[in-house]
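Fit chain B to the supplied structure of chain A, relying on the hints for placement.
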Amino acid sequence: MSTTPMIEMSGVTKAFGAKQVLRGVDLSIPRGKSLVIIGGSGTGKSVTLKCILGLLKPDAGSIKVDGVEVTKLSARQRKKTLSMFGMLFQGAALFDSLPVWKNVAFGLIQGRGMKQTDAKEIALEKLRRVGLTPDVGDLSPSELSGGMQKRVGLARAIASEPDIIFFDEPTTGLDPIMADVINDLIVECVQDLGATTLSITHDMASARKIADRIAMIYEGRIIWEGDKDTIDISGNDYVDQFIHGRAHGPIEMQILKP
Amino acid sequence: MSNPLAIIGRVFLNSLAEIGRLSQFAAVAVIHIVRPPIYWRLALQQMWLIGYNSLPVVGLTALFTGAALAQQIFVGGSRFNAESVVPGVVVIAIVRELGPVLGGLMVAGRVSSAMAAELGTMRVTEQIDALTTLSTDPINYLVVPRLLAAVVTLPLLVLVANIIGVLGGFVIGTERLGLNAGSYLQVTIEFLENADVVSSMVKAAVFGFFIALMGSYHGYNSRGGAQGVGKATTNAVVSAFILILLANLIITVIVFGDQA
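Which chain is which? The protein sequence lines are A and B, in order.
Its first residue numbered 42, the first sequence is counted upward by one per residue in my numbering.
Its first residue numbered 6, the second sequence is counted upward by one per residue in my numbering.
A couple of the hints might just be wrong.
To be verified - Computed cross-link-like contacts, SDA-like style, restricted to lysine to any residue with a CA-CA straight-line distance of at most 25 Å:
id, chain 1, residue 1, chain 2, residue 2
1, A, Lys113, B, Leu21
2, A, Lys120, B, His37
3, A, Lys60, B, Val33
4, A, Lys121, B, Ile43
5, A, Lys98, B, Val35
6, A, Lys143, B, Tyr146
7, A, Lys143, B, Ala119
8, A, Lys113, B, Ala119
9, A, Lys60, B, Tyr146
10, A, Lys113, B, Ala31
11, A, Lys98, B, Val33
12, A, Lys156, B, Leu21
13, A, Lys60, B, Gly25
14, A, Lys250, A, Lys60
15, A, Lys120, A, Lys60
16, A, Lys156, B, Tyr146
17, A, Lys98, B, Thr130
18, A, Lys156, B, Ile43
19, A, Lys161, A, Ser183
20, A, Lys143, B, Val129
21, A, Lys113, B, Val39
22, A, Lys98, A, Arg64
23, A, Lys161, B, Gly25
24, A, Lys91, A, Arg249
25, A, Lys98, B, Ser140
26, A, Lys91, A, Asp67
27, A, Lys60, A, Lys74
28, A, Lys143, B, Glu123
29, A, Lys113, A, Met125
30, A, Lys74, A, Leu185
31, A, Lys105, B, Ser140
32, A, Lys91, B, Asn145
Calculated from the structure, these hints are not laboratory results.
With the rest of the complex left out, here is chain A:
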């Protein structure tokens, strides 16, 4: 197996007007491993993820996917790179105008040109994989509960059996039991596929369950990274405050400073 990291970021910066969101992000995710980025709202988690996907163009720095620099790709090359990815969005981002099975099969039909009948078969299989019965396939996304929408989003993310899967706040808005169900499904699906995953969350229960390694982002920089088992003994005050959800600590100091 190649030792080239599946995703490698170095010195990535991104600003929106005067607001500097990323201030030099360095990350490396080995092939087949699961990295979870934790951090508060507005610290640059989603922007990091969107920069890797090419939805946002970084101002500086390097992003390599499977050893290929992706910040300067043409549209055609980017499309090829994107075919390696699956993504579960925070709000699932299901297409309202399509029934559930077409949402799941979308990447297969539009991205890979698969026949509808074949794609539907795979879509129904993926729906079964995430615990949904085939009759759900004919429903509209608006008829589903939040938890079911997340499951459909997960089925869509794994439908094309991608090498890399991104999870954007996979348990946000779910009750604790449904959140745990989604976490279990993520772990099982990722193990089935042997995929490399990058997740962003501020749900520590989710992070502990789905991660091999955890990184914490703060003010646009990765301030700590380590195995998930070491997060409780990180020795980093910012990490300690975040994982214990304390109102007072260095993060508050930063917020309150003039």
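Below, chain B without anything else, positioned relative to chain A:
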């Protein structure tokens, strides 16, 4: 307090930047029309939504406008004993100006707003980002079908609107104003020239392009949740209205400016 000159300058620069962004979006969209894949099924769906569903509102607008126009021209013409000009003026006014302009404005009100709301919602719920991650170009999938559908459908709608508008004038002229039906139709046909019909269709196609462009541009670039979508919808309709009226003036001057 801000310097008034600075405010004017800022507004001017922001306007230029917006025109630049819109022009870039339009250029990208047009380039994508000739860059496969073209989603014909989606284009046909849009043609149905834009064309068939707009028929009642466009038809009624044309019918009432044609009828009111005939009444007004009759009243005005009777002051000079020129009641016989009613069919000729009605057909020219409807085909050259009122059919395409009123049809375009009515469709803009219906369609630009709907497009902006739909694409705006897709933007704020990350559905457009999801398209990209599923190896599907959102411009090809969302914008090109709408542009193609509007450019093809508007001329057909305006053609129907022109016929219904003339019919509205005919009904009022013959049933209320006492004009002879046979001579009304004969004068209508004599007055109508090929250039009138061609300019009407060209205007409609251009208006269709602007309607879809404004709906797509404002929806695609909307930001900030429900409020952002609402703002995009309003901006789409207002900008489509302005561009339709401006384009109408330019085309009218180009096509008919040399006629005495």
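Hints versus structure:
1. Taking the CA atoms of Lys113 (chain A) and Leu21 (chain B), the gap is near 28 Å; set against the 25 Å cutoff, the hint is violated.
2. Taking the CA atoms of Lys120 (chain A) and His37 (chain B), the gap is about 15 Å. The hint holds against a cut of 25 Å.
3. The straight-line distance between the Cα atoms of Lys60 (chain A) and Val33 (chain B) is roughly 28 Å, outside the 25 Å bound, and the hint therefore fails.
4. Simply put, Lys121 (chain A) and Ile43 (chain B) have alpha-carbon atoms about 19 Å apart, close enough for the 25 Å limit, and the pair holds.
5. Taken as a hint, the Lys98 (chain A) and Val35 (chain B) pair is honoured in the structure, with Cα atoms around 23 Å apart against an allowance of 25 Å.
6. At most 25 Å may separate the alpha-carbon atoms for a hinted pair to count; Lys143 (chain A) and Tyr146 (chain B) meet this at roughly 15 Å.
7. With a CA separation close to 23 Å, the supplied pair Lys143 (chain A) and Ala119 (chain B) stays within the 25 Å bound.
8. Under the criterion of a C-alpha separation no larger than 25 Å, the hint pairing Lys113 (chain A) with Ala119 (chain B) is inconsistent with the structure, at around 35 Å.
9. The suggested pairing of Lys60 (chain A) with Tyr146 (chain B) is violated, with an alpha-carbon distance near 32 Å, which exceeds 25 Å.
10. Taken as a hint, the Lys113 (chain A) and Ala31 (chain B) pair is honoured in the structure, with Cα atoms around 23 Å apart against an allowance of 25 Å.
11. A C-alpha spacing of about 18 Å is found between Lys98 (chain A) and Val33 (chain B), which places the hinted pair at or below 25 Å, so the restraint holds.
12. A hinted pair counts as satisfied when its Cα atoms are at most 25 Å apart, and Lys156 (chain A) with Leu21 (chain B) does not qualify at roughly 46 Å.
13. Between Lys60 (chain A) and Gly25 (chain B), the direct Cα distance comes to roughly 23 Å. Compliance with the 25 Å bound is thereby established for this hinted pair.
14. Pair hint Lys250 (chain A) plus Lys60 (chain A) does not hold up; C-alpha atoms about 33 Å apart against a cutoff of 25 Å.
15. Between Lys120 (chain A) and Lys60 (chain A), the direct Cα distance comes to roughly 29 Å. Violation of the 25 Å bound is thereby established for this hinted pair.
16. Restraint check for Lys156 (chain A) and Tyr146 (chain B): satisfied, since their Cα atoms lie roughly 18 Å apart, inside the 25 Å limit.
17. For the proposed pair Lys98 (chain A) and Thr130 (chain B), the alpha carbon gap of about 20 Å is at most 25 Å, so the pair holds.
18. The straight-line distance between the Cα atoms of Lys156 (chain A) and Ile43 (chain B) is roughly 17 Å, inside the 25 Å bound, and the hint therefore holds.
19. Taking the CA atoms of Lys161 (chain A) and Ser183 (chain A), the gap is about 20 Å. The hint holds against a cut of 25 Å.
20. For the suggested pair Lys143 (chain A) and Val129 (chain B), the alpha carbons sit about 21 Å apart, so the restraint of at most 25 Å is met.
21. Between Lys113 (chain A) and Val39 (chain B) the CA atoms are separated by roughly 24 Å; this keeps the pair inside 25 Å, and the hint holds.
22. Simply put, Lys98 (chain A) and Arg64 (chain A) have alpha-carbon atoms about 14 Å apart, close enough for the 25 Å limit, and the pair holds.
23. Proximity of Lys161 (chain A) to Gly25 (chain B) is assessed by CA-CA distance (about 43 Å); at most 25 Å being required, the pair is judged violated.
24. Between Lys91 (chain A) and Arg249 (chain A) the alpha-carbon distance is near 23 Å, which keeps this suggested pair within the 25 Å criterion.
25. Distance check on the hinted pair: Lys98 (chain A) and Ser140 (chain B) sit about 17 Å apart at the alpha-carbon level, within 25 Å; holds.
26. Restraint check for Lys91 (chain A) and Asp67 (chain A): satisfied, since their Cα atoms lie roughly 15 Å apart, inside the 25 Å limit.
27. Straight-line distance between C-alpha atoms of Lys60 (chain A) and Lys74 (chain A) comes to about 32 Å, which puts the hinted pair past the 25 Å bound.
28. For a cut-off of 25 Å, the pair hint linking Lys143 (chain A) to Glu123 (chain B) stands: about 19 Å separates their Cα positions.
29. Only pairs whose Cα atoms come within 25 Å are accepted, and Lys113 (chain A) paired with Met125 (chain A) is accepted, the gap being roughly 17 Å.
30. For the suggested pair Lys74 (chain A) and Leu185 (chain A), the alpha carbons sit about 31 Å apart, so the restraint of at most 25 Å is broken.
31. Restraint check for Lys105 (chain A) and Ser140 (chain B): satisfied, since their Cα atoms lie roughly 18 Å apart, inside the 25 Å limit.
32. The straight-line distance between the Cα atoms of Lys91 (chain A) and Asn145 (chain B) is roughly 21 Å, inside the 25 Å bound, and the hint therefore holds.
Consistency with the previously given hints fails for numbers 1, 3, 8, 9, 12, 14, 15, 23, 27 and 30, ordered from lowest to highest.
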